[in-house]
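Using the sequences and the hints given, assemble the complete structure.
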Amino acid sequence: MALEAVGGAFLEAVFGSLFKAIVSPVVVGLFKKSKSSDLLLKRLKISLLSVNVVLNDAEEKQMRNGAVKEWLEELKDVVLDAEDLLDEISTDAKMDAATEVNTLNSIPVNLCGKELEQKVEDILERLDFIIKQKDMLELQVVKEVKIQPKIPSSSVVGESDVYGRDDDREALINLLFWNYDSNISVIPVVGMGGIGKTTLAQLVYNDDRVQKEFDLKAWVHVSDQFDIPKITKSLVEEITSCSCSFEDLNLLQQDLKKRLLKKKFLFILDDVWNQSYVKWETLKNPFLSGAPGSKIIVTTRIAHVASIMRTVQPYYLSELCEDDSWMLFAKHVFGYANLTVHPNLRKIGKEIVKKCKGLPLALKTLAGILRSKDDAREWYKVLNSQIWDLQEDESNILPALRLSYHYLPSHLKRCFAYCSIFPKDYEFEKEKLILLWMAEGLLQQTKRHKRIEEAGDEYFYELMSRSFFQQSKRDKSCFVMHHLVNDLAQFVSGKFSAKVEGNYDEVGESTRYLLHLIAHKFPAVHWRAISKAIRLRTFVELRLVDKSVTFIDEMPYDLLVKLRYLRVLSLTGIYLQGLPDTITELKLLRYLDVSGAKMYKLRKCISRLYNLQTLKLVGCSELLELPIDMHSLVHLRHLDISGTCLKWMPLHMSALRNLQKLSDFFVGKECGSSIAELGELSDLHGSLFIHHIGYVSYRDSEKAKLKEKEFLEKLILDWGENADTDNSQHEKNILDSLQPHTNLKELAIYNYPGTNFPNWVGDSSFCNLLFMEIKGSKYCYELPPLGQLPSLKELRVAKFGGLVSVGSEFYGNGIGSSAATESFPSLETLRIDDMSAWEVWCPNKTCRAFALLQELHINNCPKLRGDLPINLPSLTLLVIRDCKQLISSLPTASAMRVLNVENCGNLKFPVLENQCHQSLTSLYLHNSCDSLQFFPLGIFPSLKSLDISGCKNLTALTVSVKMNTPLRSLSISNCPNFTSFPTKVFAAPKLTLLSIDCCEELKSLPRKMDQKMPSLRELQLWRCPQIQPIEDWPCDLRSVSIWKCDKLIARGLECNQLNSIKLRHLIELGAFTVRSADCSTVSSSVQASPRRALSSSSQRKTYAGRVSRRKSSGQAFRHKTDQREFGNGFDTSETRINISSSKCSRASIPTARENATNVLYIRHDDGDDIIGTFPSDLCPRSWPSWSTQRPKKTSFKSFTLRTKTELANRGVSYTSLKNMGNQVENFFELPLLGKKPGNLEGYGQAFVTSDSENHKLE
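According to our numbering, the residues represented by the sequence shown are 7 to 1264, in order.
FYI, nobody ran anything at the bench for these hints, they're computed from the structure. Don't take each hint at face value.
For each label pair, taking beta carbons as the anchor points, the in silico distance ranges come out as [claimed, not checked]:
#, residue 1, residue 2, range
1, Arg70, Leu858, 56 to 62 Å
2, Ser948, Gln891, 54 to 60 Å
3, Gly341, Leu255, 44 to 50 Å
4, Leu550, Leu858, 36 to 42 Å
5, Ser900, Gln451, 19 to 25 Å
6, Arg1044, Pro158, 38 to 44 Å
List time: in silico DSS-like cross-link candidates among lysine-lysine, alpha-carbon distance up to 27 Å [what the hints assert, rightly or not]:
#, residue 1, residue 2
7, Lys482, Lys501
8, Lys653, Lys675
9, Lys223, Lys270
Beta carbons are placed, not taken as given, at the ideal position from N, Cα and C, and that holds for glycine.
Pasting the structure below:
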């Protein structure tokens, strides 16, 4: 789209919509019935024209003049009211015509002549006042919105000011050095404004390697004006370092062509906005004389610009990570990247950095404002303010992002502003946003758009290409807006959009778009506050919590009467028994979403919503039927009933001719619409799920005409879980008649009761099919020839109860194709599950198969035996589970990275020393490969994770030659004959986790673990009774867990031998857990490390602990120390020592040293006693020992201690807790500090309550 056609004022799109409505036959015909009404209509048109001509000037001046901005908002307010009025008039007239109650030439019943004239008079009066103000504001007629020119960029960069772009620089330099087929390669760098595209180009341009690579280099700042002579002249001057006197384009290009002849050059074209392919072709003509290997780097915000100019894939620049963002911010705010001198500002600065969301320009701008300011109040002011509140001379962010907004066409500006209702970080779906735009009338259908949804697609991708939307990193099907882009949307939307979460102050009469955000479990919607927004067009309820919770307040019956201009109403997940009858007052409603509502039926009055385009009932699991008059919704385009349990579809569904999406169709047994009704719905798009095909007759299935529905992308055919038949051929004929169009991309067939499939299933004509699933065909004895599908990427086959053998028919051999044809040429993922009778898989020997297969899953095939496919060159993941008779060797797969085998005892494991599995990184072997005795680590040189469990004959891990294995995680469990690790030649320098469980014969771990496993962080030794004490503990351990290792505990944890395990030298130890059948000899002589001691008495006073008793025996208590409890002076590392036993006597309790911070808890499993010893200096005064003084009552069996902080975090007040203590018998005050609960401010508090009571605090 050329720049000349864009950059219009926001209101231009609204005015365009109004002018179109004013001249529509419905409106003109109505007003002509009265002479006075006709004059009013003409006055309205003239008034609108008089303000329309100054919109561009007002759009530009509003950024600097608050009065102009207010004037524009008042104008927008009245224009939107006029739009509402005209929409209401048009709707009334169309409804009258549809019901034949009145004719188009009569005045609608809802708006009589005088009432209509009065409403127009009110609008004209407001417009006249606004027109008078425009002269006072000196608004003028201009052709387009003017903006201040940008400061040109240059190639000079201060590398010391750049953080987090090293990887991007290397990636871009690699692209520069790559040899491409074309002589001249164009590499676009794409990203939103302020993200650092120019900075990255500067880094690459000045890199020493780049300097040596190219003969000529030039940097040109292009900006929004794609002036070809000017750009060409700048290139000549850059190359020659001299001024050029030529002005004529021909002379300039001739000169440039000569200078580039056979020279290898690098050009940087910075900040390009041009979207004209013709202009780019004209500019680049002289470049073609350059030498092969010449490169051009283009930086742009617009993906479409990149698609026009590129010869290679664009490089998309992402935001900085949080650490790099902080370094950049600190550099510019303090002059260095170290904040040790300013500790009080660090926390505030971190929050400011989060606010910027990795945008370098925003980071530098806010840092510049705060530079050399040490007053925390100034920092808080910046943190709590909006970016848009800053003065323009203070901020480069506003003009940078506003420039992107400025060049949007007016219709896209309106669509973008609508997105202001979304909260920050909200992930939205493209389809949903387009439907919302459509409901609001923001989409303009042109001749090139067959469907209005296509216009929405175009709008969406245009905004995405300009970096207003970004693909979500978490969910690729969703999109997000950068925080600052979200702020921009809110800024341009102004008072007309509001997001509320309990505070309704922003809701007023001018509010048109309202989002109610539910972020806690018991929301209350203040409907009275919402009813103030009498001109509301969109009300969306958005949940961030469990969707099963309900509104506390009921919707007032008359609310919808007041909100008569609503176009969008979304109440997903609320507990609705049904919608009120007053919903029929919403004549303009086009989008209704009550997904998740708890209702059995939808009210009949829904059928009177004449304008309704979208109806969503997703997940209404209790909904059994739709209104019988659904066919009256003649404008309905999207009906989503997925996740419902409808028994049938209402009659006359074929009347919904405008239907574009129908998620599901339920075939009734003896009532409702037959499947033949689908035949008239020729424009269905997206996906369609047809339920209960067992009730379908052959005649009706033919009339469904699925083969003619060329826009369907996904089709699911389900006979039902209990489907059965006496006539297999009949079922085959029905499936044959339901053949879809070959444009289909996804197909699923469930519970088909036939014995074989019709010919179209697997036919090569389905060249667009990417995904297929066949499940539950219990009588089918063979698979269809799915190997013939040329584009199939994922295949799932499950629950074929009668299938015994898979052979050549599956590959498609001999069915109208050459024997040399490749089978499954595109397949990447194959899953075969729950095949109870399957015995043999006969590999294809006549042609190549599975050349691109990356994942193979075979699950629960208990009778499968014999061979699997042998040569799978692309296989990276192999999962085989519950195939107990499978005796085959594993497939040969040179690229395999992950192997998971479970419950396959007869499977042969590849252990040949000369067979190296070079690429395997993860191996999980559970209850499988019974013949495996020695596991040779040497043939897995890349293995990072090894998990072996239940290999009953495994005796040892072996290494034939000296090697450093790359293992990070090693787990061996339930291997009763496992006795040893490799000896001297084995080392695992990168191992971080070692877990050994239930290996009764294992006597020792590898010797010199501190040298061979220096990176070990977590050690778990469970149920290894023969294992001996460890002599050389790794020094980087964070967690040690020992349970039922009798010899290790008896010899290594005796009172005088505790130092032998060098526990006090494990500086980084975060947890040490010992569990045994008997701890009567356990003692402790743990010396606290001096740096872990509490730093002051005030910090010791804030001590608070938590002990959580668990019901099952053998579970240890955990005590955590947290910096938030002890203050900044305490080390943040956790220190936990836990010992639990079923036989703990008081005599065995050790005495901790006075200053020890490694607090020891020991629990008594009988449940009637708590025993513990604590360092005495943690308390401000002496307090009783628990071993000598019990709580007042001992009848409780389980309890929970809570600190003051933890209770507050759970929202429990001390008043309510104290009252609870007076009512509940099993409530106890522990004599922790010997004071009452209300008098422990600053000391910490602990409470106990029975887990069996309803007042449990978990």
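**Message:** Which constraints among the numbered hints does this structure fail? Numbers only, ascending.
**Reply:** 2, 5, 6, 7
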